[in-house]
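S.K.: Here is what each chain is made of, one letter per residue.
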Amino acid sequence: MLEHFQYPFDSTRLYRSRKDIREKLTQRSQRQIKLYILSGSTVGELKEFIDLFLLNFGIRAEVKVGDYNAFYEEAMFGEQIASFDPDWIYVHTSIRNVRRFPSIEDGQQDVDALVLSETERLSQIAEKLSGRGCKIILNNFERPVFRSIGNLSSIHTAGSNRFVRLLNDVIEGLVTANENVFLNDIDYLSSVVGLDNWHDWNYWSSFKYAMAPTAMPWIGSSIASIIAAGDGAAKKALLCDLDNTLWGGTIGDEGVEKIALGPDTAKGEIFSEVQSYIKDLKSRGIAIAVNSKNNEENARSGFSHDSTELQCEDFAEFLANWNPKSQNVSEIEKSLNISADSFVFLDDSPAEIAEVEMHFPEILAFSYKKTPIELITQIDRIGVFEQISISAEDTERQSFFQSNQKRERLRQSSGSLQEYLQSLNMTAQVSEVNTDTKDRCVQLVNKTNQFNPMTRRIDGSYLHSCMEREDCLTLNVRLQDRYGNNGITSVLIVSFKEHVAEIDVWVMSCRVFNRELELAIFDVLVDQCRQRGITRIEAAYKPSAKNGYVKNLYGDLGFDCVSEIEDTKHYCFEINESWQPRNKMIEISYGKP
Amino acid sequence: MANLEELRTIFRDIIGDQTIELTIEDSTETIKAWDSLVSINIMTALSQEYDLTLGIDDFEKFNRVKDIVQVLENNKT
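These protein sequence lines are chains A and B, in that order. Just so you know, we're using my numbering here: the first sequence kicks off at 75 and counts up by one. Just so you know, we're using my numbering here: the second sequence kicks off at 76 and counts up by one.
Looking at chain B on its own, in the form it has when it is part of the complex:
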C-alpha cells in the first residue's frame, strides 16, 4: 500500500497549498484546486519519485487518489 502521507506531501507542493488534507476518496471532483494541470504535474512528479514506467492507459488514471495508488501498486510488481 503506497504511503498516503508521501502522496499528500507531493500533492500539497504541486497544488501550492500546505493545508490540503488528502484521503483515499479524493479526486478532481472533491478538491477544487485539483485541475488537469495538477493531475499532469502529479503524474510527472510521481514518475520521477518512484521511477515509474507509464503507458498511455495510465495517463488517464491521475484524477483520483484511488487510481493513483493502484498505478503505484502495479508498478511495484
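Chain A extracted, bound-state conformation:
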C-alpha cells in the first residue's frame, strides 16, 4: 500500500502528494463512479481525500461538489443532481447543521419535537434521493463541542449530549429502513480523532469547516470504504504470516511451548487480540489464509497452543513452505478463486511485504513498527473489509472454502473431470427470488466480476421491480454436493417480449466454476421459455478486465453471434424442436419457492 495512506493519516502529506498518488494508482483502477457531494458546510479538500482513498480501493471517481450549505435545496428542488446523474451521493452534514438545541426548561415532548424538526431535512432527502436509484451516504452527528451542564448533559432531558444520541437514533432508523441509504458514522470518527482535534473554532468561524481539515482524511477514508463495500470492491481475503504476526517468536526455533500467546505475558496478550480480531473477520465471511515461511508441521503446531484463538481449520488455505511468498499468493489466488486485488496481507517483515508488493502491487499489505496491534489498527481504521450488510451466506461462507479444499483434493485424485464431477453428487434448485433471498441475490450480482457477461450491477429496488413484473423472471440457483451446501450460487434475470426472452442479468459465483452448472441452468431456462411460447433467447457479452471466463459462454451454449456493436457481442439462440438438454452432471429441479 502506498505509504501516503498509512495510519494515522497525515492530511497535509496526503494533500501535497495527491498528484503523485494519482499518477501511481489511476491506471490500476478497475472501476469508475460518479459521486455528488451535498454540502452542509465547507467541503474543501475533503473532496480530494475521498478521491484518493477511493483510488486506494481501485476506484476512479468523478466528484462534483454542490453549493455551500445548499444540501437541502439541491436535494429537494434542484436540477444539479439529476443532470450529473451520480452513482453515489454523500450528504456532508454535521452537528454544525443543528439549528437549535433544547433549552434547559424543555420537557420530553419539546425535545422529541425538536429531534424531529432537526432531522426532518435529512429524512426528506433520504426519501427523495433513494427514489432515484442511486446510493446515499448520510452522516450522523458528532458530540457537541461543549456541554455546559457537564456530565448531566448525557442524562438530563434537555442535555445536548443526550440530544445528539436521540438525533443519531433517528439517523439509524433512516439507514435501516432504506437499503440505498448508508451510514457514515462521524460520531465514531470524531471519537477516534478526538473532539478537541475535530472541532476547530478558528476554521469554523473563518471558513465554515465543520471539522478541522486535519480530521478530513478520516472522513475520506470512511466514505471510500463505504462506496467500495457498496460496489463490491472491498477486500475479501486476509493473508497472514505466522511468526511475530499471529504469535510472538519463531515456532521453528522455539516450539509451541515458548511462543508468546495468551494472558501469561503482555506480548502474548496482544497477539491474542490480533488473533481474536482476525477470527471475527472470518466469522462474517472474510476468507483467511496462512502465507508463512516455515516447515508446515511446525507452522500447524502453533495452533495447538492452549491460548490460540484461531484453529488450522479456520483458514481457507494454509501455505507454510520455503517458496517466495509471492508464489504462495499466486497459489492462494487459484485456490480461493479470488484475485489478488482483493487481498490484504499482514507480515511483521517489511522485506517480505516488499517482495509480495513487487509482484502484486495491488495487494494492501501492512506491517508494524512497535507493537503487533498496529496491524489491526490499520486494517480497522482504513476499513479495508468494510461491509454494508451481513447475510447468512457471509457467516456460512468459510465452511464453503473449507469444503472447497476437500473438493480440490478430490479433484486431484479423480481420474478425469467427468468422473470427478459425477462423484460430487451435485443437486441444484432453481426457484424464483423471494423476500428471503433478495438481499443475497443483490449482493451476488454486485460482487461478481468473472461470470458476469455484461458486468451488470443492480440494486434492491431494481430487483424488486423485476420480481413484480409479469414479463420478467427472476431466478436464483442453489447448489449442493457431497461436501455441503454452496447456497445461492447463481442469479438469472430474464425479460420477455412477445416471443423473445432477453437475458438481463446472469451471474455465477466463482466458487462453483467448472461444474457445468451453466449447462444445467440453461436447460432449465430453455424449458421455461418453451412453456411460455418463447422461440428466441437473446444475450450479450461485453469484455471487461475480469470477465474473460465467460468470453465463450454463449457460443458454447449454442448461441449464434449476430452482431458486434462497439465491443459488445450480441447473441441469439433459436429454440426449436430438436433441442436436447445438455446437463449430465447435476440433478437440477425447478420450483416456485
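Keep in mind the hints are simulated off the structure, nothing from the lab. Warning: the hint list may mix true and false statements.
Here are the simulated SDA-like pairs of lysine to any residue, each with C-alpha atoms no more than 20 Å apart in a straight line [unchecked claim]: (1) Lys98/A - Gln93/B; (2) Lys202/A - Glu192/A; (3) Lys93/A - Ile85/B; (4) Lys282/A - Ile85/B; (5) Lys136/B - Lys98/A; (6) Lys356/A - Ile464/A; (7) Lys282/A - Gln93/B; (8) Lys136/B - Tyr494/A; (9) Lys93/A - Leu112/B; (10) Lys138/A - Val113/B.
A quick note: this is a predicted structure, and the numbers were derived from the prediction, not measured.
Fit chain B to the known structure of chain A by using the hints.
M.R.: Relative to chain A, chain B alone:
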C-alpha cells in the same frame, strides 16, 4: 527570514504545479491558481510544518506571501 525556497516547495505541492515561481510580492491577485482553498491548505500545511499556533487574526493572513512570512516570523519569537 523564513526560507522562501521551502515556502515555494510547499506552495507548488498545494497548487499542484511544479513550475510556479514564488516571489515575496506574490498574492492571490498575482497568481491565477491561488484561490481561497489554496490559502487554507497553505495555512494547514505550514501549521503542521512549523508547528504554528494561529489565532483568528492570523487566519486572514494567508493571501499574500509577505503576510505569510510575517506570520512565520511572529511565531518564531
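S.K.: State for each hint whether it applies.
M.R.: Going down the list of hints, with the structure as the test:
Straight-line distance between C-alpha atoms of lysine 98/A and glutamine 93/B comes to about 17 Å, which keeps the hinted pair within the 20 Å bound. Distance restraint check for lysine 202/A and glutamate 192/A: the Cα-Cα separation of roughly 17 Å lies within the 20 Å cut-off, and the hinted pair is therefore satisfied. Restraint check for lysine 93/A and isoleucine 85/B: the C-alpha separation of about 13 Å stays at or below 20 Å, so the hint holds. A C-alpha spacing of about 24 Å is found between lysine 282/A and isoleucine 85/B, which places the hinted pair above 20 Å, so the restraint is violated.
Restraint check for lysine 136/B and lysine 98/A: not satisfied, since their Cα atoms lie roughly 35 Å apart, outside the 20 Å limit. In summary, the hint linking lysine 356/A to isoleucine 464/A is supported, as the alpha carbons are separated by about 12 Å, within the 20 Å threshold. Using a Cα cut-off of 20 Å, the hinted pair lysine 282/A and glutamine 93/B is violated, with the two alpha carbons roughly 29 Å apart. Restraint check for lysine 136/B and tyrosine 494/A: not satisfied, since their Cα atoms lie roughly 75 Å apart, outside the 20 Å limit.
Proximity of lysine 93/A to leucine 112/B is assessed by CA-CA distance (about 17 Å); at most 20 Å being required, the pair is judged to hold. Taking the CA atoms of lysine 138/A and valine 113/B, the gap is about 18 Å. The hint holds against a cut of 20 Å.
In the structure shown, a violation is registered for the earlier hints numbered 4, 5, 7 and 8, in ascending order.
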